[in-house]
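Engineer: Produce the entire structure from the sequences given, and follow the hints as far as they go.
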Amino acid sequence: MIDIVLPEGNEDGLAVMGKGLGFGCLVFLYPLKNFNNEKDNEIKNNVKNLEKKYDVKTSIGILADIKELDRAKRTGAIVFVKSSENDLQALESGKAEVMFGFEGAARKDYIHQRASGLNHVLCDIAKRKNVSAAFSFSEILNSDERKKTMGRISQNIALCRKSKVNMLIGSFAGKPYEMRAPKDLKSLFSLLGMNAKELNDSFESKIQKD
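Sequential numbering from -9 applies to the sequence shown in my numbering.
Please note that a few of the clues may not be correct.
[To be verified] The calculated DMTMM-like cross-link candidates involving lysine to aspartate or glutamate, where the alpha carbons are at most 20 Å apart (straight line), are:
no.: 1; residue 1: K137; residue 2: D174
no.: 2; residue 1: K23; residue 2: D60
no.: 3; residue 1: K43; residue 2: E32
no.: 4; residue 1: K42; residue 2: E32
no.: 5; residue 1: K42; residue 2: D2
no.: 6; residue 1: K23; residue 2: E1
no.: 7; residue 1: K57; residue 2: E75
no.: 8; residue 1: K152; residue 2: D114
no.: 9; residue 1: K34; residue 2: E(-2)
no.: 10; residue 1: K57; residue 2: E82
no.: 11; residue 1: K176; residue 2: D191
no.: 12; residue 1: K9; residue 2: D174
no.: 13; residue 1: K43; residue 2: D2
no.: 14; residue 1: K72; residue 2: E82
no.: 15; residue 1: K9; residue 2: E(-2)
no.: 16; residue 1: K165; residue 2: D2
no.: 17; residue 1: K85; residue 2: D114
no.: 18; residue 1: K29; residue 2: E1
no.: 19; residue 1: K165; residue 2: E1
no.: 20; residue 1: K47; residue 2: E32
no.: 21; residue 1: K154; residue 2: E194
no.: 22; residue 1: K154; residue 2: E188
no.: 23; residue 1: K117; residue 2: D191
no.: 24; residue 1: K63; residue 2: D30
no.: 25; residue 1: K9; residue 2: E194
no.: 26; residue 1: K165; residue 2: E(-2)
no.: 27; residue 1: K29; residue 2: E58
no.: 28; residue 1: K38; residue 2: E(-2)
no.: 29; residue 1: K137; residue 2: E168
no.: 30; residue 1: K152; residue 2: E188
no.: 31; residue 1: K72; residue 2: D55
no.: 32; residue 1: K72; residue 2: E58
no.: 33; residue 1: K23; residue 2: D55
[Stated by the list, open to error] Here are the in silico distance ranges between beta carbons for each label pair:
no.: 34; residue 1: E32; residue 2: G141; range: 38 to 48 Å
no.: 35; residue 1: D114; residue 2: K42; range: 39 to 49 Å
no.: 36; residue 1: K119; residue 2: K57; range: 17 to 27 Å
no.: 37; residue 1: K154; residue 2: V6; range: 35 to 45 Å
no.: 38; residue 1: K43; residue 2: K152; range: 41 to 51 Å
no.: 39; residue 1: G183; residue 2: N24; range: 29 to 39 Å
no.: 40; residue 1: D45; residue 2: V111; range: 36 to 46 Å
None of these hints come from the bench; they were simulated from the model. C-beta: ideal position from N, C-alpha, C; glycine also.
Structural biologist: Written as structure tokens, this is what we have:
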């Protein structure tokens, strides 16, 4: 099972917690600005060393915005993009591999439809471009309007299912205490509308790279 985390210089703590919670692989997600000629190998080596120290597989993801996609793709890491007003452009580029955070924008929900950040057009493009939609537990945990956020996630799950978009679940935790066990995340996202197959697939996706 895979979790996605955003380290803040606390990679060891996240690795220990991830191993203890039962994850077999952790994807460490870093902003592209953290990578340059001097730090690139240092980050990769540090993350790789966690495998030996804590007996948990690791992989690196790059968090990029629309202007950074070309450079991010050249790193060879998994390219993540957080939802913004440029979602259509990011999806059409074919360079994003995972997009997340659709539900967090300050949009007004309507009576019969939530402003969830996704629609059938974006989902169809994501399917065509083989882009996964990731749902963040931290988006719920740190939300001031959890009910609204959960409702938006539920709507996006239904949209992704209809377009057959690959779905992922991750804690996207910056701190170890924000992480949760796979069974707890499965229980939550089951309530939000994922079926058993989708839940299992969301943790077993082959997004990690050596």
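Engineer: Now tell me if each hint is right for this structure.
Structural biologist: Taking the hints in turn, this is what the structure says about them:
no., hint, verdict
1, K137 - D174, "18 Å, holds"
2, K23 - D60, "13 Å, holds"
3, K43 - E32, "16 Å, holds"
4, K42 - E32, "16 Å, holds"
5, K42 - D2, "12 Å, holds"
6, K23 - E1, "18 Å, holds"
7, K57 - E75, "13 Å, holds"
8, K152 - D114, "9 Å, holds"
9, K34 - E(-2), "15 Å, holds"
10, K57 - E82, "13 Å, holds"
11, K176 - D191, "11 Å, holds"
12, K9 - D174, "15 Å, holds"
13, K43 - D2, "9 Å, holds"
14, K72 - E82, "15 Å, holds"
15, K9 - E(-2), "18 Å, holds"
16, K165 - D2, "11 Å, holds"
17, K85 - D114, "16 Å, holds"
18, K29 - E1, "15 Å, holds"
19, K165 - E1, "9 Å, holds"
20, K47 - E32, "18 Å, holds"
21, K154 - E194, "16 Å, holds"
22, K154 - E188, "10 Å, holds"
23, K117 - D191, "16 Å, holds"
24, K63 - D30, "14 Å, holds"
25, K9 - E194, "16 Å, holds"
26, K165 - E(-2), "8 Å, holds"
27, K29 - E58, "17 Å, holds"
28, K38 - E(-2), "17 Å, holds"
29, K137 - E168, "19 Å, holds"
30, K152 - E188, "12 Å, holds"
31, K72 - D55, "7 Å, holds"
32, K72 - E58, "12 Å, holds"
33, K23 - D55, "11 Å, holds"
34, E32 - G141: 38 to 48 Å, "42 Å, holds"
35, D114 - K42: 39 to 49 Å, "43 Å, holds"
36, K119 - K57: 17 to 27 Å, "18 Å, holds"
37, K154 - V6: 35 to 45 Å, "37 Å, holds"
38, K43 - K152: 41 to 51 Å, "43 Å, holds"
39, G183 - N24: 29 to 39 Å, "35 Å, holds"
40, D45 - V111: 36 to 46 Å, "44 Å, holds"
In this structure, none of the earlier numbered hints is contradicted; all agree with it.
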